[in-house]
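Asker: Please work from the sequences and hints to get the whole structure.
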Amino acid sequence: MHAGTGMTTLRTLLLLLAATLLVACPPVLTPGTPSDDDDTVGDDDDDDDTVGDDDDDDDSVGDDDDDSVDPGDDDDDSVDPGDDDDDDDATDDDDSGPCGVDDLAFTVHIEDVAGTIGTAWSTTDDLIAVGTVTNTCPFDVSFVTSSTCLLEPWTLAGSSTGRGCGDAETGWTVLQGDVLLDVEPIGTQAADTYTFEATFFSDTQSVVFTVN
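Heads up: the sequence shown is residues 1 to 212, going by this note's numbering.
Bear in mind the hints are in silico, worked out from the structure with no lab data behind them. Backbone N, C-alpha and C fix where the C-beta goes; we use that ideal spot for every residue, glycine too. Where hints are given, some of them may not hold.
Estimated spans, in silico, between C-beta atoms of each pair [said to hold, decoys possible]:
#1 Val-144 <-> Thr-124: 37 to 43 Å
#2 Phe-139 <-> Ala-190: 43 to 49 Å
#3 Ala-114 <-> Cys-165: 35 to 41 Å
#4 Ala-191 <-> Cys-165: 37 to 43 Å
Answerer: Shown next as structure tokens:
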């Protein structure tokens, strides 16, 4: 046998031995290192923050499994709607962000009985003061007002027109993507400049309009 042939055979045997050892005794990944998948409830399998990796899949409350972009996974520290636990942009509990009454969009305007919105009117126009509360949150929002009116205080500066609200606390729910309206007919007004102002919780909006 030639020496070269013997060395080749020895190297082949060593490679086969190494491959056998790897199959029989795979390397052990320490919890906390990237790519482990021990599915232990409540643990934090890794900190590699790799998008789309599979750190674990136990979906338990209180753990921090990964930064995956899979909608509906449970990456976070709670299952409460409105928290701000991850950034996967899915409409699940993980990432909807703080959202509630203070995030509802509130506006006011003046329109006539035909539904035309404007700021310049005549003394014969029959007018309506309107407040809108729009829910831009990814879920329904419920709240309670201190009276039977949605908007309070409500004023029409320059006019004797007013309105009354009952004293009873009132519950409201605005559905996801929906609008609540506070509509108050104010009729015809004398020639003058007026300011319609209304408040929704901490948000006050106003609009100035003229009647000629």
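Asker: All hints, please: hold or fail.
Answerer: Hints, one by one, checked against the model:
no., hint, verdict
1, Val-144 <-> Thr-124: 37 to 43 Å, "40 Å, holds"
2, Phe-139 <-> Ala-190: 43 to 49 Å, "45 Å, holds"
3, Ala-114 <-> Cys-165: 35 to 41 Å, "27 Å, violated"
4, Ala-191 <-> Cys-165: 37 to 43 Å, "29 Å, violated"
Of the hints listed earlier, those the structure fails to meet are numbers 3 and 4, in rising order.
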